Amino acid sequence: MSRLPYWIAVVPLLAACSGAWNDPYPASDRQSNTLYSAFIERPKHLDPVQSYSSNEITFTAQIYTPPLQYHYLKRPFVLIPHAAVEVPTPVFLDAQGRELRNGADSAQAAFSVYEIRIRPGMRYQPHPAFATRPDGTPRYVPIGDREAGGIHELRDLTETGTREVKAEDFVYQIKRLAHPRLHSPIFGLMTEYIVGLKEYGERLKGVSDAMVKQGRKDPWLDLREHPLEGVEVVDDYTYRVRLKGKYPQFVYWLAMPFFAPIPFEADRFYSQPAIAAKNITLDWYPVGAGPYMLTVNNPNRRMVLERNPNYFGETYPAEGEGDDAANGLLEDAGKPIPFIDRAVFSLEKETIPYWNKFLQGYYDASGISSDAFDQAIQMGSGGEVTLTDEMREKGIQLKTAVAPSTFYMGFNLLDPVVGGETVEARKLRQAISIAVDYEEYISIFANGRGIAAQGPLPPGIFGYRDGEAGINRYVYDWVGGEPRRKPIEVAHKLMEEAGYPNGLDRKTGAPLVLNLDATARGPDDKARLDWMRKQFAKLNVNLVVRATDYNRFQEKVRKGNAQIFQWGWNADYPDPENFLFLLHGAQGKVKSQGENASNWVNADFDRLFERMKNMDNGAERQQIIDQMTEIARREAPWLWGLHPKEYGLAHAWVKNRKPNQIANNLLKYQRIDAVRRATLREQWNRPVLWPLGLFVLVVVAFTVPAVLVIRRRERGTARADALVPAAR
Amino acid sequence: MLRYLVRRVLYAIPILIGVNVLTFALFFVVNTPDDMARMQLGVKRVTPEAIERWKQERGYDKPLLVNAAATGAARITDTIFWNNSLRLFAFDFGKAESDGRDIGHEIATRMGPSLAIALPVFLVGLAAYVTFALLMALFRATYLDFSGVVLCVAAMSISGMFYIIGGQFLVSKLWNLAPISGFAGGLSAWRFMVLPVAVGLVAGFGESSRWYRTIFLEEINRDYVRTARAKGLSEGRVLVHHVLRNALIPILTGVVVVIPSLFLGSLVMESFFGIPGLGSYTIDAINSQDFAVVRSMVFLGSLLYIVGLILTDISYTIVDPRIRFE
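Protein chains in written order, with my numbering: chain C, 558 to 1285; chain B, 4 to 329.
Just so you know, the hints here were simulated from the structure itself, not pulled from any lab data. Keep in mind the model is a prediction, meaning the values are calculated, not measured. Heads up, a few of these hints could be off.
30 Å max Cα-Cα, derived DSBU-like pairs, lysine-lysine [said to hold, decoys possible]: (1) C:762 / B:234; (2) C:1083 / B:98; (3) C:1148 / B:98; (4) C:1215 / B:176; (5) C:835 / B:65; (6) C:956 / C:892; (7) C:1113 / C:1091; (8) B:65 / C:906; (9) B:234 / C:835; (10) B:176 / C:1113; (11) C:1215 / C:956; (12) B:47 / C:1202; (13) B:98 / C:770; (14) C:1095 / C:1202; (15) C:755 / B:47; (16) B:65 / C:770; (17) C:835 / C:892; (18) B:65 / C:1113; (19) C:801 / C:755; (20) C:762 / C:835.
Which stretches of chain C does chain B cover? Using the computed rule of at least three CB atoms under 8 Å from a CB of chain B, they are [as the list claims (entries may be wrong)]: (21) 897-906; (22) 1216-1223.
Quick reminder that beta carbons are idealized off the backbone N, C-alpha and C, glycines included.
Just chain C, with the same shape it has in the complex:
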């Protein structure tokens, strides 16, 4: 008791000395040049041949150096060299291998040849795979079970080395796409284009199976010994890729880690059974030549990227677009990048702690969850979006951008009611397109974060048209300088023409019942689905929601058992082909397990698609896209749904941050004012100590009388009124 005042005095003193109590990071890191971020889902693959998810590419894009990359500031997105010296221009060959000269119709090309020249002098990050003994032999190959016994993580192998990146490393990685044990998600797609890749995969499988039969478990396939017809090394800094026909989108793939260099030494090192048995694999410990290297990989808790000391060196872009200069995005023009020494990514599965840590300054940037939307954003009377006072006082910056994604509601065109090419079915789909009010949906369920789609292409993708020229005239009118959804009476009329006057089947007199297959997980989904029923009820159509789990949902769509469904697509690259192929007949889900989930087949659309996909961007391509969009709008295989708008927040100490939904290697451009961050964190997170004092007082307030009562009872005589009553 007598020491209580002492503690009351000492505790605040301790608090003042030790900084913020709620700081999750070590005190020694407070002013370090470190970016703090979070990941929600642990990455499964960091091997560039397998990695395809957005949560994985957050890491791999900083580590690997594919030949190309996107310009950080320019919009629409522009490809620029990364590991390559220049963006390659294809040479087109005819079936006899003769070059098609200028003026020849490149659409007739039997082959396209991309010759890619890479920068000399690029070096890999320090890694044990490159460590050598004095005699030049690899230090850790072969590694015995005894030596491997003391190894638990890659960093337990203390000796490292490096070497220059060579063209053969790029070729090696392309060969890895066909590796039978790696399951590259783009192997199937690339077999359609890279000459000989399919046969190469079969050959490798044969070789691998034979090695396994000989009793070697997961043996190393030295791909240098197995040439691939369509890919060749020209010299140390040049390689060629030969494609079937013309595939202009190939350059976009060259900007993805699938085509980054992998040294054979790394493949050989990780293939050793003693190493693999310790869970030390290329899938877990990447080897790259990019600006950062992964130094801590504990996806259960934390992943750390640190500056690669061997990075070849780039400079911050000197050109941007529009307001970039005014927004301070060109202040670092020409300076060497990366700016940040270290990036710490912590596992944060729940949105509430993620958001609160951002507000406390422990994460440098954050998205906005629906729960936190009202705390962060306020809508002006004119619909303009601004930050709330609380955010502004903290100096938080708001960045918004429409994502190159689309969330649509699809009709299964194989269905006898909503499908088919008949005029009636088309009018039914058009009527539903008018009735389902996506503007309302965006307002209610997305806090206004999205734009109602007018067609398959989102803004920012070539072919998208803005304004009056871009509206879907089957659903909207242009009124007062903006699109306005057609009145429901128009939809009723279409229903009548479709054979369902007032929602009743003209032939049978029965009410029209349609089925929506959806994945439903929680109360939020119920509200959405109830809303959807109301939209259909505007047409007196009874919408039956068949809620299911994602597995069954996929199965239904795959087998063509769904009638109406909701789905989405995120762009792989900024080309209209990457969206319009979702409606291409050859991609039919039921017929060929492709990505056309509606199973829509339209001969005119498909013919135009085949022409459009191989064209360079220009007036002619735009014209064809306009025609395709018009056909798609008229036939309405989808309700075009919405394109989500991404809202991102960043603290004032984060510089050079610009939303970019296509590129992922963004860390190297960002800069942190660590001193300012440390000051503000300290200011925002001063411990509030009165609750501790109150807690102590409450405990004392209960304990003291209790102790006194016990003492009194112990010392009291056995009087009748002091006897302990029986328990009730």
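Following the hints, put chain B in place on chain C, whose structure we already have.
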């Protein structure tokens, strides 16, 4: 005693087999091997060939429980169930389907963080709840006891999720007293343990304290307690040395059985506080349809539960010498 233990261990084998069959059946009622392959290979550009290859490599191209095409013992042994479940009994958990990591190694690594939270909650909680319950028993039928019961009922009525979110908001966000989530190795882990342990203690307070109070009140009216008082023992001594000791059997029934399960951690708590323990491992595995991890965790959970029951039986003989293994 040894015979009894051997018998219990032998009983455990059919139970574990039953749990395995049930887990297997439930998992594959909801998921097919194709679903698993799709989940692991991603949702974009997955070809039927890639799915077949994935299943083939992991043995998921075989029949589930009975291989009608095979003959003899192979009808049973050449199945997914046999190939995947039998080795669990040798504690060979295999590799996770989502990332190919060794499950045994993951379990060993994640056990520590789970225990770092569960053990303090268990030990401090047990001491705190028993003490509070004894105090309520001491002050039974007074306003203090009544207030305690009201507090317990109120605490029981609130969802565990509320304690987590409320705790994070008050302690970390409003008062800035502890990190809101995260974990660190070594001694610095204590900073991250404060809040989840406190939340765990508060969340379990109502139910446990009220239960223990009921047990103590049952004992407190027994003849031996009256005799102890008549001997002139202090009330505190009566409670601790007589009531508490004799109330231990029902307490042990509930307490010892959960000790082995502490290794498995808490599903929700670990997710919210970013604790890299076995609870979050299990949740992740369920979400990613990783059957290898799910079956390993269920097997481990049921095994630890059986161990807990055996330990409970043993503890009975320690606290009550009249109990014998028969």
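To see whether the hints hold, each was checked on the structure:
Straight-line distance between C-alpha atoms of residue 762 (chain C) and residue 234 (chain B) comes to about 87 Å, which puts the hinted pair past the 30 Å bound. Annotation: proposed proximity of residue 1083 (chain C) to residue 98 (chain B) is violated, straight-line Cα distance about 37 Å (limit 30 Å). Under the criterion of a C-alpha separation no larger than 30 Å, the hint pairing residue 1148 (chain C) with residue 98 (chain B) is inconsistent with the structure, at around 35 Å. Straight-line distance between C-alpha atoms of residue 1215 (chain C) and residue 176 (chain B) comes to about 29 Å, which keeps the hinted pair within the 30 Å bound.
At most 30 Å may separate the alpha-carbon atoms for a hinted pair to count; residue 835 (chain C) and residue 65 (chain B) meet this at roughly 29 Å. The suggested pairing of residue 956 (chain C) with residue 892 (chain C) holds, with an alpha-carbon distance near 24 Å, which does not exceed 30 Å. Restraint check: the Cα-Cα separation between residue 1113 (chain C) and residue 1091 (chain C) comes to about 24 Å, which is no more than 30 Å; the hinted pair holds. The hinted pair formed by residue 65 (chain B) and residue 906 (chain C) fails the criterion: a straight-line CA distance of about 35 Å is larger than 30 Å.
Straight-line distance between C-alpha atoms of residue 234 (chain B) and residue 835 (chain C) comes to about 66 Å, which puts the hinted pair past the 30 Å bound. Taken as a hint, the residue 176 (chain B) and residue 1113 (chain C) pair is broken in the structure, with Cα atoms around 45 Å apart against an allowance of 30 Å. With a CA separation close to 7 Å, the supplied pair residue 1215 (chain C) and residue 956 (chain C) stays within the 30 Å bound. The hinted pair formed by residue 47 (chain B) and residue 1202 (chain C) meets the criterion: a straight-line CA distance of about 22 Å does not exceed 30 Å.
The suggested pairing of residue 98 (chain B) with residue 770 (chain C) holds, with an alpha-carbon distance near 22 Å, which does not exceed 30 Å. Using a Cα cut-off of 30 Å, the hinted pair residue 1095 (chain C) and residue 1202 (chain C) holds, with the two alpha carbons roughly 28 Å apart. Note on residue 755 (chain C) and residue 47 (chain B): the hinted pairing holds, with a Cα-Cα distance of about 19 Å set against a maximum of 30 Å. For the hint pairing residue 65 (chain B) with residue 770 (chain C), the CA-to-CA distance comes to about 20 Å; that is within 30 Å, so the pair holds.
This hinted pair does not check out: residue 835 (chain C) and residue 892 (chain C) have alpha carbons roughly 41 Å apart, beyond 30 Å. A C-alpha spacing of about 23 Å is found between residue 65 (chain B) and residue 1113 (chain C), which places the hinted pair at or below 30 Å, so the restraint holds. This hinted pair checks out: residue 801 (chain C) and residue 755 (chain C) have alpha carbons roughly 12 Å apart, not beyond 30 Å. Between residue 762 (chain C) and residue 835 (chain C), the direct Cα distance comes to roughly 25 Å. Compliance with the 30 Å bound is thereby established for this hinted pair.
Counting residues of the region 897-906 of chain C whose CB lies closer than 8 Å to any CB of chain B gives 4, which reaches the minimum of 3, so the coverage claim holds. Under a criterion of three residues with beta carbons nearer than 8 Å to beta carbons of chain B, the stated coverage of the region 1216-1223 of chain C fails, only 0 such residues being counted.
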